[in-house]
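Protein chains in written order, with this note's numbering: chain A, 1 to 697; chain B, 1 to 101; chain C, 1 to 519.
These aren't lab readings, by the way, just hints derived from the structure by calculation.
The structure displayed is predicted, hence computed values, not measured ones.
We put the CB at the ideal spot given by N, CA and C, even for glycine.
It cannot be assumed that every hint is accurate.
Counterexamples of contact, computed for chain A against chain B with all Cβ distances above 10 Å [stated by the list, open to error]:
(1) E35
(2) Y70
(3) T507
(4) D518
(5) H548
(6) V589
(7) K605
(8) M614
(9) H615
(10) K640
(11) Q643
(12) V671
(13) V672
(14) A677
(15) T680
(16) V689
Here are some of the chain C residues that sit facing chain A, going by a computed Cβ distance under 8 Å [claimed, not checked]:
(17) A299
(18) F300
(19) P493
Letter by letter, the chains look like this.
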Amino acid sequence: MAGAFDFVPAIAALPLLAFVVSLFAGQYMPKRGAEAGILATAGSLVLSIWTALTVAGITGSATSYNENLYTWVAGVADGAVTLRLGVLVDPLTALMLVIVSLIALLVHVFSLGYMNDEGETGLPRYYAGLGLFTASMLAFVFSNNLLMAFMFFELVGLCSYLLIGFWFREDGPPSAAKKAFLVTRFGDYFFLIGVVGVFATFGTGLFAPITEGGTVVAESFPQMAEHALEDGESFFGYSAQTWITILGMLVLGGVVGKSAQFPLHTWLPDAMEGPTPVSALIHAATMVAAGVYLVARMYGFYLLSPTALAVIALIGGFTALFAATMGVVKQELKQVLAYSTISQYGYMMLALGSGGYVAAVFHLTTHAIFKALLFLGAGSVIIAMHHNENMWDMGGLKDRMPVTYWTFLSGSLALAGIVPFAGFWSKDEVLFEALIHGFGSTGTLGTMFLVAYAMGLLAVFFTGFYTFRMVYLTFHGDARTDVARDPEPVGWNVKGPLSVLGIGAATVGLINMKPIADLTGLHIDFLHKWLLGPEEGGWPALTSTGLHHYEELMHNVAGIDPAYPLGETTTLLVSALVSLSLALAGVLVARSLYNEPEPVEHTDKLGGAKTLLMHNYYQDEYQVWLAQGVTVPLARAADKFDQGVVDGVVNGISSVSLFTGSRFRRIQSGVVTNYAALMTLSLVLLLVVFVVLGGGV
Amino acid sequence: MAIQTQYFLLLSAAVFCIGVYGILTRRNALVFLMSVELMLNAANINLVAFSFHHGNLTGQVFSLFTMALAAAEVAIGIGIVLVLYRNFEDIDVTKAATMRW
Amino acid sequence: MPVAGPIEALLAVTLVGALAVFLAPDEWAGKLATAISLVPVAVSAWMYTAFDGAGNALLGGDLAFESTIGWVQLGRYELAYHVGLDGISMPLLLLTTVLTTLALVSSWTPIDERQSQFYGLMLLMEASLIGVFSALDFFMWLVFWEAVLIPMYFLIGVWGGPRRKYAAIKFFVYTNVATLIMFVGFMALVFGLGDSISTFDMPEIAQALRAGGNLSAVAGIQPANLSLIAFTLMFAGFAVKVPVFPVHTWLPDAHVEAPTPVSVMLAGVLLKMGTYALLRFNFTMLREVAEANAAIIVAFGVLSIIYGAMLALAQQDLKRIVAYSSISSMGYVIVGLVAFTPHGFGGATFQMISHGLISGLMFMTVGVIYNETHTRMVGDISGIADRMPWAVGIFVAAAFGYMGLPFMAGFAAEYLIFQGAFASSVIPAAPLVTGVAMFGIVIVAGYLLWAMQRTLFGEYSLATDYDVSRAPVHDVAPLVVLLALVIVLGVRPGLVYQMIQDAVNPLLDTALQGGVALW
């Protein structure tokens, strides 16, 4: 009997179909292709939920699935790797599938309000892009090997390009689209080397071993790496440890690019040129999560390299703080959210780096909900404000658009990390894990974790501040422009998705209230249990992507252990209190500065730091300089060299031949007498030579 | 009493040199043609002389062929000269130099 | 053995067809040529389905559609008409026939004078290309190889742009001198082999060389040095055709001056002659020399990749951008070949096919835009997407294909090359070198995206006085066909990759020793 797992490919195939339908038939449909997208994503959501239920053991016996379904390239000779596409379903996959298809569905519905009702043209192209993106993202999520993951990773990059550049008639979007693709491509370059390296080293890119009847028929590369480490093998002249670190860092390049981590974060704020629903779906909730998801997916591999973990944690902690400070001075609603997205993904990286696997997945989940909510809320505001995004032109929208306000507030409280909204639980767990692992791990690794923790903790304050600066400026005080006094009303297709997500942002944290669980002894840390799987046998042992296995590796290989400097419960409480009070402090500072009828800018008080922050620490400048100040002149120089030297030699040879010819042809005078004289002379000369030398020559 | 062969050869050499001189110094195409004929006939004298010297008729027969050939050559040559005259209004060979490079 | 097989049919149809088109009136020469060229497409498609070859053509594999006819005795060498296909030449043959037909259709709009001669020459070129990819006797192969130049010379020199004469002569002289150099190298081998061969049959020569010990000293040059000299000369000769840095400068000039369909054939098929010959001669016959000099060869490949891409970045002419990027793409083929791994050889051969399709597609798309705007300069056009949505959509798709987007042929080829090169035991520091070569995929994205941003998007403006409208259907149809082929091969590389692997794997069968390194 066909179970849910047999339909997993259809989760991606449905939106793909919607892509084709929207592209070719969208212009004949009343909603220009949105119908196809909504139906397909709804279908995907149903199938994803069914898959999740099956993984939970409710609607089927098998709780995990890992099969190769399609041989992309069959290697015939010995040593020629075979490249396949397949499906891996485990709790992580199932969770992510539900998140992606849910948000995709909501964004499709929201687009009806944001795009159709606003009378945009080119909508079939828009919905085709959304469909292709959803398909690629879902396929990326259930990829069972690294190459397949890379392939769909690139496809989501393409969709991101197409959708950012949707308004191609303006100058900004095409430029932003180019930047987004190029910067992520730079990261993907390293990722691709990593993929090639993994295949060349292990001969497979499987994330999890494929089993048949309880025996492993195809091993996964994290496992093979683990064995290689135990056996002290060496690859390409490096010890297994070094080589695994190298491969891990290479793949991390793609992660840093896609998840917009320092130093490849610069594309994300520019990507806000795209339509707001696209920002919500792609540049906040899903595609940007692809990088973090990839690290979680191959976590068994990263745990083998403490160096890579430390780098991940440091990048994460630094990015969290770095991006949060830039968010403080932005004037445009979506820009604040963009920097906040970068910052929040930094938290996830921090969690993954410091051994907080559950915390990272938890934060990924909650962030997807509340950041999609905030973007859609921003979209609602933007509709109301006739596409003016400057917060200084808003104000007082609270009473005029209550649904948007209350849902946006729910999202903001979640983002700021105020109890009991979603973000509090997840961010708290991220920081807590970093803290205890920082104390427990030996040597420099522990120090690194603590440094990263400190940066993450500091970022909490800034997060609270910029979030509520945004809320106060947008919704509170007096309306500062005519448009803000009389905003355009929004329809059900905007309010509906907002309400769903607003409730989600308030409640989704409940799936993993670890502090409460630890304090009360109640087993309400559902996400933890979800990722842990059944205690005995079942999928965690076989697929080796379960939490049990990761905890073993953390202890045995990476040397990450928890330690509680103040005792378990006290540490937990202190950590939670510290982060909460920092968040509240941020909120209160924002309130005192901006919760006025006529708020004024306070950024001048920052002095020189303001310029620095407004210019995003000159990150864009130096990257643009690298491209336009270094690469392009270099290319021009190469062109000059090519035209002058390389082609110059060719033309030079030709000129020399032509010149010699032009001299020699003067013999050919055209006067018969000259020819006759030459012939006679030559003959005489020959005769003389013969006479002088004799006939013996 | 026969004339010795070397006198024929001297005559032939003299005629040939006159021909060569004509070609090298004259510009008139008709004189050119005549000079060529002289050279050709110098060769004929040689052929006949050696034929006589060896008592072998091959050379004489060959010279007959050459004469026939020379006649054909003159026909073509005169034709060329005519065309030359039509195109250049002159039969000066140094003027017809337009087909070089 | 049947004397008249499908290959003979292909040659006959194209040659007779060329004659017929020469004599046809200009008005319908294009249609007639296209109709005639459909026959080779159908025949080669049937050949693909009926393909029963196994192994490598030069190394004793079973040939498909083989036929041999004795011809003349030249000294002690017997020259013969010998044709046949293996897994390497079959896809290239198919590429030739398909691309010719599409190029012919894409000529309908831009070619508006001397049509019958143009289309006749195109068919003549197709005949020669079919000969190059199917001939197995060196003498005959050389005849076809040189015969390709003649129609190409006229196609550029008569129908080209303002500097067409310069470009045509440069192309002709450059490649002709290269052939001479290559010929000297090959003849050195023939003389070195002495009595051990009695024909110019390429399989016989290849097997005699690979058996080892058959070479004897020529003119005081010892066998090991002889094979090194022969390798160097042949490599230099074929490198011009590929083209490899630094003998590439004829290519941009030829592309810029050539009309669109000719550029399509030049980039799509003619460049592959170079890599095909490298594979057949240098890497099959003198494998040990190639292995010993892998470091130098791979350096040329990597240099071509990066240097070609950098040059493309500096160009202002869309066609020049694609032309330079071809140098870059063909560099990947060199890197793949010299890796001496299954996926290296296979990926390199697959790249010949995929680059043939994708570069053909790119040139055609640029051509379609040029037909409407009459300019190709980046600065002259902007926002063209507004007026030609479908053509621009295909342009974007083709550009992403060029950048190596997964599920398009280019990605499959490049990935396989990287996979093969990374694991190579022949290339020194293979992972590092491969990593450097792979940087090409970043630069290619840079220049294509940048060019697209400036020409296709933004506010519509055009520097020339033409009214831009949607391209006619017969201009866009070949693009759609090519794009479909690129995607099909990207999703299912096995369609040709299986037979390619079958043909290239014997190249790795025996380990040969004794190659002399240049230094």
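Each hint tested on the structure:
no.: 1; hint: E35; verdict: holds, 76 Å
no.: 2; hint: Y70; verdict: holds, 68 Å
no.: 3; hint: T507; verdict: holds, 94 Å
no.: 4; hint: D518; verdict: holds, 100 Å
no.: 5; hint: H548; verdict: holds, 90 Å
no.: 6; hint: V589; verdict: holds, 90 Å
no.: 7; hint: K605; verdict: holds, 85 Å
no.: 8; hint: M614; verdict: holds, 72 Å
no.: 9; hint: H615; verdict: holds, 67 Å
no.: 10; hint: K640; verdict: holds, 35 Å
no.: 11; hint: Q643; verdict: holds, 30 Å
no.: 12; hint: V671; verdict: violated, 5 Å
no.: 13; hint: V672; verdict: violated, 5 Å
no.: 14; hint: A677; verdict: violated, 5 Å
no.: 15; hint: T680; verdict: violated, 6 Å
no.: 16; hint: V689; verdict: holds, 19 Å
no.: 17; hint: A299; verdict: violated, 16 Å
no.: 18; hint: F300; verdict: violated, 13 Å
no.: 19; hint: P493; verdict: holds, 5 Å
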